[in-house]
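**Q** Sequence:
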Amino acid sequence: MTSPQQPQPEPAANGTEAQPQPAPGTPPQAPAAPPMPPAAPAVPQAPPAQAAPAQAAPPAPPAQQPAPEQPAPAAEAGTMMLQAQQAPAPAGEAGTMMLQAQTPGQPPQPAPADRPAPAPAAPPREAGTMMLQAQPMPEPQPLAAHGPGKDAGTMMLQAQPQAPAPAQAPQPYAQAPAAPPAGPAPGAGYVSPIPASPTHLGHALASEWTKIRSVRSTIWTLGVMAVLVLGIGALVATAVSTNESIGATPPLFFGFFGMLLGILCVLPLGVLVVSSEYGTGMIRTTLTACPARGRVLAAKALVFFGLTFVVTTVVTGLVAIMDNALLGDLSRAEVTGAEWLKSTVGVSLYVSFLGLLALAVGSLIRHSAGAITIMIGVVLLPFVLSMFMLTDSLSDLRNFLLGYSIPNQITVMYGSKFPFVDGGPAGWEPLWIVMGIAALALGGAYAVMRQRDV
59 MTSPQQPQPE PAANGTEAQP QPAPGTPPQA PAAPPMPPAA PAVPQAPPAQ
109 AAPAQAAPPA PPAQQPAPEQ PAPAAEAGTM MLQAQQAPAP AGEAGTMMLQ
159 AQTPGQPPQP APADRPAPAP AAPPREAGTM MLQAQPMPEP QPLAAHGPGK
209 DAGTMMLQAQ PQAPAPAQAP QPYAQAPAAP PAGPAPGAGY VSPIPASPTH
259 LGHALASEWT KIRSVRSTIW TLGVMAVLVL GIGALVATAV STNESIGATP
309 PLFFGFFGML LGILCVLPLG VLVVSSEYGT GMIRTTLTAC PARGRVLAAK
359 ALVFFGLTFV VTTVVTGLVA IMDNALLGDL SRAEVTGAEW LKSTVGVSLY
409 VSFLGLLALA VGSLIRHSAG AITIMIGVVL LPFVLSMFML TDSLSDLRNF
459 LLGYSIPNQI TVMYGSKFPF VDGGPAGWEP LWIVMGIAAL ALGGAYAVMR
509 QRDV
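If you want our numbering, it's the position in the sequence shown, counting the first as 1, plus 58.
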């Protein structure tokens, strides 16, 4: 494909080249893009018909390939055109087609002195007429970035300006409302991150039940008490059954001997329920988990009382059945339902409240050995002291100590009393007495726990 011929400039009179003038009546054309450096000496073209009579000699081939002129950077971002320059190839081969656009309305610019001036373009028929120009096809070689070698090529990145994009108004940054702090409000006090439900007496009861059933002292004391009551009751009943008659003595009375020794096992357990925590320091953990002193003391008393009452009722019931089976035919006394209730449930309540008295003493003393010693003295000391009061001047005191001693009160609960005792409680009175003393002791223990530290 051939390109339109361009007229050669006329030599001026002073020996300089004349600038090409556009044809009359044609709009001024923008200068063409700077031509690519020639890959080989161009073939001379025939003179155009509208050229001047005097033709200038064809320009000699350049002795050295001029460096390509770098285009000025575009003022704005535009379409990018990638142009590669490589080593020249022999003319005559297939050439690469480059599409160049000429924009009308731009004044022409003078060509450089060391290059042939471009010929004026043909008058376009409409704006934006495209001119197709053929250039020789270079040999395929790898591109090099501005290297000093002979075959090094140059990659030129040229941007064509575009219309600036309309600026957008800055959008105000919408900030999310700040979340309130996760901590407690001022003046609200400490709030635990662990969800917890309000505590009550049931929680304290569950805790004390876990403690009392998981220690060895509970098993040993109640186990020994059961063995003593059952064993001694069976031995006494077997021994008495060899007699022909026991007179008016009720057969259930012989369970007293085993219960008297069984009390000596219940009292230490009541003391250890509280005093053991003071000895090991566990009371600090207990009162930290449940700061209410009254709730802690009430939970301990209820758990101990319930456990002792159940075990004692079972043991006394078995002894009563055994004694009635062995001695019922030897006694002239008739066993009524009231006597059965009093010899089983009544005795169990009496022993359980006596254990609560030991628990209160342990809370007051906070020492296991001291509290156990005091409770053994309360049970045995009045009875032992009364036996040494033989003078007539101490007879009233002796009768009082014997009548209200713990052994005599247990005997009354079994439906009898010591024959040498004059006076003292009768019926259910021993139970009301021990209940009142235990209540007073527990009230004192509660008052002391509230006033002092652990």
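Be careful, since some hints might not be right.
[As the list claims (entries may be wrong)] Pairwise CB distance ranges (calculated):
no.: 1; residue 1: Ser474; residue 2: Ala383; range: 17 to 23 Å
no.: 2; residue 1: Ile252; residue 2: Gly428; range: 38 to 44 Å
no.: 3; residue 1: Leu345; residue 2: Ile252; range: 32 to 38 Å
no.: 4; residue 1: Met447; residue 2: Ile495; range: 35 to 41 Å
no.: 5; residue 1: Asp454; residue 2: Arg353; range: 20 to 26 Å
no.: 6; residue 1: Thr394; residue 2: Thr257; range: 44 to 50 Å
no.: 7; residue 1: Trp490; residue 2: Met340; range: 32 to 38 Å
[To be verified] Cut-off 25 Å, straight-line C-alpha distance, at most; resulting in silico cross-link-like pairs (DMTMM-like, lysine to aspartate or glutamate):
no.: 8; residue 1: Lys475; residue 2: Asp387
no.: 9; residue 1: Lys475; residue 2: Glu487
no.: 10; residue 1: Lys475; residue 2: Glu302
no.: 11; residue 1: Lys475; residue 2: Glu397
no.: 12; residue 1: Lys475; residue 2: Asp450
no.: 13; residue 1: Lys269; residue 2: Glu302
no.: 14; residue 1: Lys475; residue 2: Glu392
Honestly, the hints are just simulated from the structure, not real lab data. All figures in this text were calculated on a predicted structure; none of them were measured in a lab. Glycine included, C-beta positions come from ideal geometry on N, C-alpha and C.
**Q** Taking the hints in turn, state whether each one holds.
**A** Hint check:
no.: 1; hint: Ser474 / Ala383: 17 to 23 Å; result: holds, 19 Å
no.: 2; hint: Ile252 / Gly428: 38 to 44 Å; result: holds, 40 Å
no.: 3; hint: Leu345 / Ile252: 32 to 38 Å; result: violated, 19 Å
no.: 4; hint: Met447 / Ile495: 35 to 41 Å; result: violated, 23 Å
no.: 5; hint: Asp454 / Arg353: 20 to 26 Å; result: violated, 45 Å
no.: 6; hint: Thr394 / Thr257: 44 to 50 Å; result: holds, 47 Å
no.: 7; hint: Trp490 / Met340: 32 to 38 Å; result: holds, 35 Å
no.: 8; hint: Lys475 / Asp387; result: holds, 22 Å
no.: 9; hint: Lys475 / Glu487; result: holds, 13 Å
no.: 10; hint: Lys475 / Glu302; result: holds, 22 Å
no.: 11; hint: Lys475 / Glu397; result: holds, 14 Å
no.: 12; hint: Lys475 / Asp450; result: holds, 22 Å
no.: 13; hint: Lys269 / Glu302; result: violated, 50 Å
no.: 14; hint: Lys475 / Glu392; result: holds, 17 Å
Going through the hint list in order, the structure does not satisfy hints 3, 4, 5 and 13.
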